[in-house]
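> Protein sequences, first through last, are from chains A and B.
With the first letter of the first sequence counted as 1, position 351 gets the number 351 in this note's numbering; the numbers rise by one all the way through.
With the first letter of the second sequence counted as 1, position 133 gets the number 546 in this note's numbering; the numbers rise by one all the way through.
FYI, nobody ran anything at the bench for these hints, they're computed from the structure.
Treat the numbers as computed from the prediction; the structure is a model and nothing was measured.
Idealized CB from N, CA, C, for every residue including glycine.
Fair warning: there could be bad hints in the mix.
[What the hints assert, rightly or not] Derived lysine to any residue pairs resembling SDA-like cross-links, with alpha carbons at most 25 Å apart: (1) B:LYS516 to A:ASN309; (2) B:LYS434 to B:PRO473; (3) B:LYS492 to A:ASN312; (4) A:LYS188 to A:PHE367; (5) A:LYS12 to B:ALA553.
[What the hints assert, rightly or not] Just a few of them, taken from the derived set where beta-carbon distance is under 10 Å, the chain B residues facing chain A: (6) THR463; (7) LEU471; (8) GLU472; (9) GLU500; (10) ILE502; (11) LEU511; (12) ASP512; (13) LEU526; (14) ILE527; (15) ALA575; (16) ASN576.
For reference, the chains in residue letters:
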Amino acid sequence: MKNDYLLFLVRKHIKDKNNIFFGIILFLVMFIIFIALTMINFVFDFKKDTFNQNLLSRTLWVEKDEATEEEYEKINKIDHVVFNVSTKYLNSAGGIIEEFNSDRLEGYLEIYPLINKDEITILNGTTINNNLEAICPQKFYPHEMMIKENGNLISKIYNSEFIDGDKLIGSSFTIPSSNSSNPNIKVKIVGTYNPKEIFGTINSCYISMEDFESIVFPYSLIMNWTDSEGNTHIENEEYSGRLVRVDKYEKIEFVVNELQKLGFSSYLTFTLDEGYLNLILYIPLFISIIVIIISYGLIRNFLIKKIKNRRNNYGILKSSGYTNNKIIKSELVENLIIFILAFIIAAILYFLTYNIVYNLILSEFIFNSASINIPFIIIIISIILLGCMIVFMNKRFLNKNLEFNIQDLLKDK
Amino acid sequence: MRIKCLELKDISKVYTKKEEKVVALEKINYRFEFGKLYAITGHSGSGKSTLISILGLLEPQTSGNYIINKKNVSELKEKELSALRSENIGFIFQDFYLDEQLKSYENIMVPMLINKNIKSTDRKDYALKLLEKLNLLDRAEHYPSELSGGEQQRVAIARALANNPDVILADEPTGNLDETNEIMILKELQKLTKEDKCVIVVSHSHLIKNYADVLIQIKNGRISAEDEK
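Here chain A stands alone, though its shape is the one from the complex:
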């Protein structure tokens, strides 16, 4: 066979103890890069999802002293405004639902009013068309995010404990009323939705606005909020102002300006603390740059040392009739095999780490429908670049060394 020598030489030389060191360096570099890229990707995804998907991030609290209904009606005419409703719908009704209570899941649900049917895509069944109907997540987890175990607050979500929401379509559950003058209500699940789509929690069900009003105390809003000047306001009064939903996050500024023209002041009901996220972004970026610089130096030195140590061997091969190309080929194949082995081990360890971190430590993110996606394309591109760097360096150093005449190579023992 034409390439018999490759198989033979690589098989014999790959056990070289220097290769183990090389493999460990490559494994560490790849593993750190995988983790860093995942973290960077997560921050970008999280920001994107928060602003583009989360309904609250494009919901404004709009106020004007002694505004009339006619004035509020004008808000609906502003471009990109989806609706404007009473601020009481900003609330949610939470509680233990007996029907979902089990050994592991306490059955805790967050109940929201479905203000605009078009905002939530139904995956199975139908949307809410009548009172006493509900839609719940397809991947359903009726539980409080934080549970108490042995006195410590922990957050754990196990894939095996998710409930298939589709199987619950047609079944009913009772929502306890927090309004003493109204009874509990029993609602029927008519459809399922994907909470990721609205960046909501996986224990949130929606009911009609009328049902929602009947179970929450209608005029008891105790609100504690801070305005743009930093003044803290505590209010305990009837709901004031309106909730205004904007269709796109990037149109908020436009809507705020239009509201200002109408004399309304407005505040975002949800803002993101980007400082914390940027920290998650900059740490892996910094680590990646340091790792790339150090690994470049380590890989370069290793290859130079390895080639220098093998000069005598190259001399033997050349004196036996091996061409420079054949020698370069066998060295490249040897290094590529080490590269692939390091990649496989790094990938396995990365997936294990990913699963442990994602499912056990970062279950809070799953709960809030935030996904930590594996950036496959970026990872593959970075691996290809790393591989190319090794091939390029290896070829360059080998060419330089093989330029020596055979006697000089042989003497280098």
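Guided by the hints, dock chain B onto chain A, whose structure is given.
Only chain B this time, still in chain A's reference frame:
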């Protein structure tokens, strides 16, 4: 009948060290024939090792023509030179230069791996036959570090014979051996001439003259004497 093995025409070799030119060989003309053992002798620095390096295509001459297998090597490209080294020349070194990570028979197989004329299934058998020929069959599975100097040199001879070359070149093959081993190696080299091979040995050993058919003495980069038995 084959007669001419290698031919040197006005071969010179000049090394340049820090702008200073050192003439290692000066206009060497010689014709080597098959079936003979040539011993090249001379003092250190006389140019004998340079000569055998040029003969083995391990380094190029500065000027002149070197004809091997009817080809002028100065006109050949790297690939063609490699093919000549692989098919026509077997080289034996003073320091054996065996691959420490390979067993004896595997070291012998290395040149065969790029020889299209030897089937992959025959390589090991052929390597073992060569070891048997050199009375080393029981050392086939040993690594170089487990062999004595004489044994290592015999493995190196077997490796030089792997592709059945016409020309065997040896640079001080007994330089690191005791007299018993030296005699054994020289006898092995002499045997090769019976197979119509052209054997050229560089040596400063006094024993070489007992085995050589032709003694060539090099002095100051020139052939100063030639003695044919």
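> Decide, hint by hint, whether the structure agrees.
Outcome of the hint check:
Simply put, B:LYS516 and A:ASN309 have alpha-carbon atoms about 20 Å apart, close enough for the 25 Å limit, and the pair holds. Of the supplied pair hints, the one linking B:LYS434 and B:PRO473 holds, its CA atoms being roughly 16 Å apart against a limit of 25 Å. As the CA atoms of B:LYS492 and A:ASN312 are separated by approximately 20 Å, the hinted pair is consistent with the 25 Å bound. For the suggested pair A:LYS188 and A:PHE367, the alpha carbons sit about 23 Å apart, so the restraint of at most 25 Å is met.
Between the alpha carbons of A:LYS12 and B:ALA553 the distance comes to roughly 16 Å, so the proposed pair stays at or under 25 Å and holds. Because the beta carbon of B:THR463 sits about 9 Å from the nearest beta carbon in chain A, less than 10 Å, this interface hint is met. The criterion of a C-beta within 10 Å of any C-beta in chain A is met by B:LEU471, whose closest approach is roughly 4 Å, and the hint holds. Because the closest C-beta pair between B:GLU472 and chain A is about 4 Å apart, less than 10 Å, the hint holds.
For B:GLU500, the shortest C-beta to C-beta distance to chain A is roughly 7 Å, which falls under 10 Å, so the interface hint holds. With 10 Å as the threshold, the beta carbon of B:ILE502 comes within range of chain A, its nearest partner Cβ sitting at about 8 Å, so the hint holds. For B:LEU511, the interface hint holds, since its Cβ comes within 10 Å of a Cβ in chain A; the closest pair sits about 8 Å apart. Annotation: B:ASP512 was flagged as interfacial toward chain A, and the flag holds, the nearest CB pair being 6 Å apart, inside 10 Å.
The closest approach between the C-beta of B:LEU526 and any C-beta of chain A is roughly 4 Å, which is under the 10 Å cut-off, so the hint is satisfied. The interface hint given for B:ILE527 is met, as the beta carbon of that residue sits about 6 Å from the closest beta carbon of chain A, less than 10 Å. For B:ALA575, the interface hint holds, since its Cβ comes within 10 Å of a Cβ in chain A; the closest pair sits about 8 Å apart. For the restraint placing B:ASN576 at the interface with chain A, the shortest Cβ-Cβ distance is roughly 7 Å, inside the 10 Å limit, so the hint holds.
Hint compliance for this structure: every hint is met.
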